[in-house]
Structure formats: C-alpha cells, structure tokens
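Each chain, written out:
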Amino acid sequence: MCTAGGVPSPRVYMGAHALQSIPSHAHRVTGMVRAGSASVWRSGLLHVSWVVLAVCSGVGTARAAACCGTGYGVGGRLAPAERAAVTMQASGTVPYGSMNADGRFVRARSVSLEGRPELSGMVRLWRGLQAGLAFRGVTQVRGLPRKRAVGTGIGDVRAFGRYELVPSGGSGWVPGFALTASLTLPTGRAPWAGRDPAGADVTGTGLASLRVGVALEHALGEDFFWAAGGTVGLSQPAANAGGFRVEHAPQLQVFAAGGPTLRRTLSLAAGLHYQREGAPLINGRLAPGADRSKAALFGVASWEFGERWNLVVTAQADLPYDRTGRNDELTAAVTGGLRCIVGAWE
Amino acid sequence: MRTIRWMLMAVLAACTDGGDGSTAGFDETKTGDHGLYAFHLTSADVPQQGSNTFTLELTASGSPVDGATVTVDALMPAHGHGSGTPITVSAAGNGRYTVGNVSFTMAGAWDLTCSASRAASQDSATFHLDVP
Ligand SMILES: [Cu+2]
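As they're listed, the protein sequences go chains A and B. The first sequence begins at 850 in my numbering and counts up one residue at a time. The second sequence begins at 4 in my numbering and counts up one residue at a time.
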C-alpha cells in the first residue's frame, strides 16, 4: 500500500471495529479536526478527495433538470479520514436551448433561471461504506415573452451511498474503486402535476429512481489526479403521466475528469460528462425517435480554508453538438458549495 | 480559467449561430393514421413555453368536418411527460376547432396528437413541434 502526502492509507480506512487494533500512537478525534493534524489535512490525497467529490456530486446536482429523470447517481463521498460531512450548496441553471429529435440545436427564445439550494450530509457507516441524504429546494423563473412565471417548492429527496473496494486515491498504479448507488424519491412536484403553463412550479421528476454505478479515482503523486465513472439508472414506470403510461428505458451516464492540485490548497479539474437514454414505452408502444442524449463540459475549483472547511465552485455547459445531443434541454450552470467536516479519524 | 472561458465561448457561439431564427407561426397538414381525415394545424405564433392556442381544420375528401369529437394531447415523448393543465377544444364552425391551453412546460421536442371521431369513424394525427 502506498502512502500519499504522508497519510498511511490502511489506517485511515479503519472503521469503529478496526480502530481498537490501531497502535497506541493513533487516536480518535470526534466532532473536530485537531490543529496539530494540519499536515494530514493539507495532504495531496485529501485535496484529490475533495475535488473528486465535487466532480462526482456537485456537477451532477446542478445540471440535472428538475423534471425528466436526469438525477445523478455517483453521489457524495467522504475523504479517507473523514467520518461525516455536511454540505450546503446553491446552484443557478440557465437553459440556453435544446436539441430536437433529429439532433438539431434549437436556440431558447425566452430567458429562464432555475435556482436550487441543497443541504446534504454523509456519514461513514463502516470502513469503506458511506451513506448520505440530500434535500433540495427548487425555484424557477420563466421569462416568457408575454408573461413571467415563478414557481418554488421542495425537490426530490435523494439517498446515496458508496462502498470502496479499493480506497480512494488508489494504491500505486491501481486506482481507487468504489461501487455507488442512489435512490431518488419523488417528493417534488411532478411535470404532470404542475399548474403553471410554463412549468415553473415543476420541482421534481414524479418518479422514484434507482442508480447504481462504479467510480474510479486515482491520485498521481500529490499534484495530479483523475477520476472516471459510470452509472445506470432505472425509473419506476409512470402509471399516469398526464394521461400517458410511461416506461422509461435505462439511462446510462459516464464521466471522466482530471486536474492538478496547486500549492496544496487549491485543486482544479476539467472533465466531460455524457448521458444516454433509450426511447420509452408510451402506452406500451416504443416512442419512435424518442431516445435522448447529451454531453457536457465542466470545470471544478476546490479550495480548502481553515481546518475543516472546503469551498467548491463548479461551472458546466451542455454541448450543442449534434452528434452527442438529442431530445434534451441544454443548460449552463454554476454551483457554489460549502462543505464542513463534522467528524474525522486521524 | 481557460477551460471555463472556452466553455462560455462555446455556449455563446451556439446561442448565436444555431437558432432557426424563424418568426412565422406553425402551419402543417397531416393525413390521419386511418386516412379518413386531413388535419390542418396552425397557430399565429411560434409555439413557445407556456400556454399556446392552435386552430385545427378538419376535412374529409376536401369537405369540412363539423360536429366531430376532438381531443388533443401534448406529450414530450423522450421525457415521458405531458403537462398538468388540461387542453381545451371548442368548435369554431366550417370544420375548424380552437385548441386552447396547450401548455409546453419546457423547451424541446413535443408531440401534439389530435384525435377526431364522428359517428363510427375515428382518426388521429401526431404533429412534431420543436419548442424553443
Ligand atoms: Cu421534459
């Protein structure tokens, strides 16, 4: 097992049971991060963890449309030495167009804005097993040519988890490897339940969905990392989606990102995300030409300040490229998040 | 920063180049799936997010069809949803029907399926619209 930034990887992965077998010079810190462990927290491995967290969760959170089942499944994550963390984030999304059924770009004619505050928490349950919950609100402003519509409400609740088979950051030339899962519950207002003609009051997908996937994360020394992953999502059939019975096809999402860590407190990453979904069955018949796909570019900056705080900013834009986009709204989004570690191992 | 700048430039370029730029309304005629009626769907404005009104002209062998029961459904087939507001249809005479409250809740590809029945005959046609 290699060490990265001076952190012995095996120790930080030990959970409550294994802790008892740690040699006496190691000790437990609950609810705070000791100032004396600053060198550990400033290690390259932890920066990699934070920026990968942003890649995995922040990016997806902002660009998923309130409706239409584009929830993300990679979810949050904890860095190796963290026991629990709370994240507050807000995102702003502007749709700038859409791809039609032929894959042709159609420019937006009106200005809309979607804002989302989100509160999420994650805890390490046992060794490499982590689980979390995320709650969000959704506010939409639809600037129609003749009328402005505003809607607000709670969004869909998401539970997520991951199990790390190979500790994140990897070991030598072997990347970290985790299984991921997320469950979205339709607590928001479904597209077919909204009353605003412009859909401003739609805040959720209306369907429960489950996503499972894998994530690879690899630190190359202290100065560079890459991450990649994929998920497959399955949605519950909609018995009555506004007069239609709809059975969604599985949705595939893949991403890859990488970047440097600068002066140990700032990490940057850029990456590509792609998603694809087959045509659904509408009233038992396959909807012709209704498969959907889109690709996005994103950038992430993660800055550590203090002993337990981390600021993450992401920017992303769907690509209006006819080979990758079809039947989907295209957006540009910015997310800012503040993350606080509320429990850690040394 | 360079990445972000590049992304913004790409988006801006797409926004200014890719639109169809058309300002004309919607005007399309389709023969019904059973070949009984011709469905002529028009709107003065380009279909847009929010509430829309269309006029459906129904003919059989060139003659206007009055007294038909007409229903219209809006669906985003790729996303598997319609909208929550019910569409209204009222007869306007001479084979024409006013289709109101057609809500497109988001941009993208929508299908409007118009069905008409009179006596024992029934027919329907689906129109594909790109809502900007
Ligand atoms: Cu939709």
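By construction, these hints were calculated from the structure, which means they are not laboratory data. The structure presented is a predicted model; accordingly, all values stated were derived computationally and were not measured. From the three backbone atoms N, C-alpha and C, an ideal C-beta is built for every residue, glycine too. Treat the hints with caution; some may be incorrect.
Here are some chain A residues the structure puts well away from chain B; computed CB gaps all over 12 Å [said to hold, decoys possible]: (1) T1001; (2) V1023; (3) L1059; (4) A1105.
Restraint ranges, calculated between C-beta atoms of paired labels, are given here [what the hints assert, rightly or not]: (5) A:R1134 to B:G96: 32 to 38 Å; (6) A:V1023 to B:N104: 55 to 61 Å; (7) B:E31 to A:D1072: 55 to 61 Å; (8) A:V1103 to B:S93: 46 to 52 Å; (9) A:N1132 to B:A95: 28 to 34 Å; (10) A:L1028 to B:A27: 28 to 34 Å; (11) B:T34 to A:V1006: 46 to 52 Å; (12) A:N1089 to B:T34: 52 to 58 Å; (13) A:L1083 to B:G28: 36 to 42 Å; (14) A:L1121 to B:D36: 39 to 45 Å; (15) A:R958 to B:T32: 20 to 26 Å; (16) A:V990 to B:T116: 27 to 33 Å; (17) A:T1114 to B:N104: 25 to 31 Å.
Derived, one-sided and incomplete: chain B residues facing chain A with beta-carbon distance under 7 Å [what the hints assert, rightly or not]: (18) D76; (19) G85; (20) P89.
To see whether the hints hold, each was checked on the structure:
no.	hint	in the structure
1	T1001	holds, 15 Å
2	V1023	holds, 28 Å
3	L1059	holds, 16 Å
4	A1105	holds, 14 Å
5	A:R1134 to B:G96: 32 to 38 Å	holds, 35 Å
6	A:V1023 to B:N104: 55 to 61 Å	holds, 59 Å
7	B:E31 to A:D1072: 55 to 61 Å	holds, 58 Å
8	A:V1103 to B:S93: 46 to 52 Å	holds, 49 Å
9	A:N1132 to B:A95: 28 to 34 Å	holds, 30 Å
10	A:L1028 to B:A27: 28 to 34 Å	violated, 53 Å
11	B:T34 to A:V1006: 46 to 52 Å	holds, 47 Å
12	A:N1089 to B:T34: 52 to 58 Å	violated, 30 Å
13	A:L1083 to B:G28: 36 to 42 Å	holds, 40 Å
14	A:L1121 to B:D36: 39 to 45 Å	holds, 42 Å
15	A:R958 to B:T32: 20 to 26 Å	holds, 25 Å
16	A:V990 to B:T116: 27 to 33 Å	holds, 30 Å
17	A:T1114 to B:N104: 25 to 31 Å	violated, 55 Å
18	D76	holds, 6 Å
19	G85	holds, 3 Å
20	P89	violated, 9 Å
Figure legend: structure checked against the earlier numbered hints; hints not met, in rising order: 10, 12, 17, 20.
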